[in-house]
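K.L.:
Fit chain B to the supplied structure of chain A, relying on the hints for placement.
Going line by line, the protein sequences match chains A and B.
Just so we're aligned: 68 in the working numbering is position 68 of the first sequence, and the numbers increase by one with no gaps anywhere.
Just so we're aligned: 250 in the working numbering is position 250 of the second sequence, and the numbers increase by one with no gaps anywhere.
Check the hints yourself; a few may be wrong.
[Unchecked claim] With the Cβ distance kept under 7 Å, some of the chain B side facing chain A (calculated, not the full set): (1) PHE14; (2) ILE136; (3) LEU137.
[As the list claims (entries may be wrong)] Just a few of them, taken from the derived set where beta-carbon distance is under 7 Å, the chain A residues facing chain B: (4) MET24; (5) GLY96; (6) GLY100; (7) LYS101; (8) VAL122; (9) PRO146; (10) ASN208; (11) ILE229; (12) ALA230.
[Claimed, not checked] Straight-line distance between alpha carbons at most 30 Å, and here's what the computed DSS-like set of lysine-lysine pairs gives: (13) A/LYS48 <-> B/LYS148; (14) A/LYS267 <-> B/LYS98; (15) A/LYS103 <-> A/LYS166.
These are calculated hints, taken from the structure and not from any lab test.
No residue lacks a Cβ here, since even glycine has one placed at the ideal position from N, Cα and C.
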Amino acid sequence: MKKKKITLFSIINFIISTAIILVMIFPIYWMVVSSLMSQSELLSNVPKLVPSSLHFENYVNVFKRTNMFKYTLNSCIMTFGVLAIQLVVGLLAAYGFSQGKFKGKKFFYYIILGLMMVPGQVTFIPEYIMIAKWGWVNTFTGLIVPQGLSVFFIFLMRNAFMNVDKDIIEAGRMDGLGRFGLIFHVFIPMTRTIFTSTSLILFINSWNNYFWPKIMTTTEDIRVLTIGIAYLKQTYAGDIVANYNEIMAGALIASLPIIILFFAFQKYMFENKYI
Amino acid sequence: MPRKFKEQFKDFLFVVPALAYAIIFAYYPLVKLFDLSFTNWNLLRDSYKYVGTKNYEWLFYGTGAKYIRNSIQVTVIYAVAETAITIIGGMLLALLLKKTSKYFKVLKAFAFLPRYISISTAGVVFLWMLNTNSGILNRIIMQYGGEKIDWLGKPGTALLSIIMLAGWKNVGYGMMIYLSAMPNIPREYYEAAAIDGATNTKSFFKITLPLLAPTTYFLFITSLLASLKAFQSIDIMTQGGPIRSTEVYVYLIYHMSMEQFRVDRASAAAVVFFVALLLLTIVLQTISKKVSKNSVL
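Chain A with its partners taken away, still in its complex shape (with noise of 0.2 Å):
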């Protein structure tokens, strides 16, 4: 008796999870969906699920068509410059706050945790007029070095030293490890997951970001994905509606990159908490 109304139950359980899941997934189904419809379908009267016949060539328009591939180059550009900043800054300060021994260490990681109390949705306007001095508006110089210090990664990173085994570190010290060789050949080892795993974080982060971009960037050549796409309803010759086949095709491009990282690191990405 208990044990059919345990399965019962599952069975239910079950059925629901399945229709919720499916219903939140429908947009990225949908996106793939249309990206491969042709146009008199994408229109049609009857809605399709289903496409009756697959056109890749929407792929092809969207880049011949628009400036997709300057977007996605100047996106990986943009990425790993944001990407090799933030490590190297991070790093060093992990190491300085978790190992370093000088007069008012405290006091100064006070003074980068403070910063997640200034977002940049509060200081963009000075933030603009101060870059757009030094010529740096609408420059790779401008997307990228005011984005290169991630208060976050300095937090974990520092936590995750300060847990580092004593005997390893003066283990690594008679080795004659210096500083710089500590942090490549101790720390970063022994802390490899979330090492891993917020470096993937800041790296979807950065290919993600849309507020700096659109703060930074006004002009087509410097455009990244993120604005590209959302500018594509507009940029794009013809009706409004008409392309959105093609449309759907850039923004799948613009998160395949995301997609692929998140399905091939899915255990590193249910591990950390702080995303």
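P.N.:
Coordinates of chain B only, in the frame set by chain A:
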């Protein structure tokens, strides 16, 4: 002594880049923001002068007051809705999907994925799905004999559309946070409750919910503070319209400064935003220390 000092200085050098960043790109602009809010600088002009509290007067008592009030209202509705969906929806999803079989792992991954899809991709996809004439949502509604809805053209449904996008993106995050906290509840509690004859519903309200209170509070703080800073989805989907019905606070600041070039007024609005966020965070953190011993930083 000099040698010790030298070593200290070398250690200090490691944190210098981060400190330089903090000062140049955050604290200095913050001070400058207060300064700007007392000027009459319009970006179209080169010179400006100090005008005292005129911008604040405009903001609180002048024509700006109705924009600010509208904006605060929109932001609060949006933030409360997003936070509620993240917490309630996240909890329900966690309860539904807590099984660890392979199938359920896949379902969990799909529930979590939207959080990482960029808002611009998600926004463009939602724009297409909500399109009045050809969007899939209206076509389904019409299939069942309903009237098509101008989702982004009417004040009420425009804000609802923005909230739907936010809910879709964040509900999986709520689920994930709850799922990582649930295994920490000792199994014995449930066994004891079952022996006492408690139903599943009862043990949920008497055991699960109270023991997850610190987790709920963590989600409440993080979602609320993040959603108050919303900008992107509004910029992509509605640009604050129609009739300012989706003009959240950050969008208002952006609109005043980058589109109307009234840096002076926008700075005053940003100062108000900064102070409000700061006070809210202090209050939430103080309560947080009472709710759970580990404060949420």
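K.L.:
Please go over all the hints and tell whether each is borne out by the structure.
P.N.:
Verification of the supplied hints:
1. At its closest, the beta carbon of B/PHE14 sits 3 Å from a beta carbon of chain A; the interface hint therefore holds under the 7 Å criterion.
2. At its closest, the beta carbon of B/ILE136 sits 6 Å from a beta carbon of chain A; the interface hint therefore holds under the 7 Å criterion.
3. For B/LEU137, the interface hint is violated, the least distance from its beta-carbon to any beta-carbon of chain A being 10 Å, above 7 Å.
4. A distance limit of 7 Å between C-beta atoms decides the matter here; for A/MET24 the minimum to chain B is near 6 Å, and the interface restraint holds.
5. Taking 7 Å as the C-beta cut-off, the interface hint given for A/GLY96 holds, the closest approach to chain B being about 3 Å.
6. Hint on A/GLY100 holds. Least Cβ distance to chain B is approximately 3 Å, under the 7 Å limit.
7. For A/LYS101, the shortest C-beta to C-beta distance to chain B is roughly 6 Å, which falls under 7 Å, so the interface hint holds.
8. The criterion of a C-beta within 7 Å of any C-beta in chain B is met by A/VAL122, whose closest approach is roughly 5 Å, and the hint holds.
9. For A/PRO146, the interface hint holds, since its Cβ comes within 7 Å of a Cβ in chain B; the closest pair sits about 5 Å apart.
10. Given hint, A/ASN208 at the interface with chain B, holds; its Cβ is 4 Å from that chain's nearest Cβ, closer than 7 Å.
11. Evaluation of the A/ILE229 hint against chain B yields a held restraint, the C-beta minimum of about 5 Å falling below 7 Å.
12. For A/ALA230, the suggested interface contact is upheld, since its CB lies about 5 Å from the closest CB of chain B, less than 7 Å.
13. Between A/LYS48 and B/LYS148 the alpha-carbon distance is near 18 Å, which keeps this suggested pair within the 30 Å criterion.
14. Restraint check for A/LYS267 and B/LYS98: the C-alpha separation of about 16 Å stays at or below 30 Å, so the hint holds.
15. Of the pairs offered as hints, the one joining A/LYS103 and A/LYS166 holds, with about 22 Å between alpha carbons and a cut-off of 30 Å not exceeded.
Going through the hint list in order, the structure does not satisfy hint 3, though it satisfies all others.
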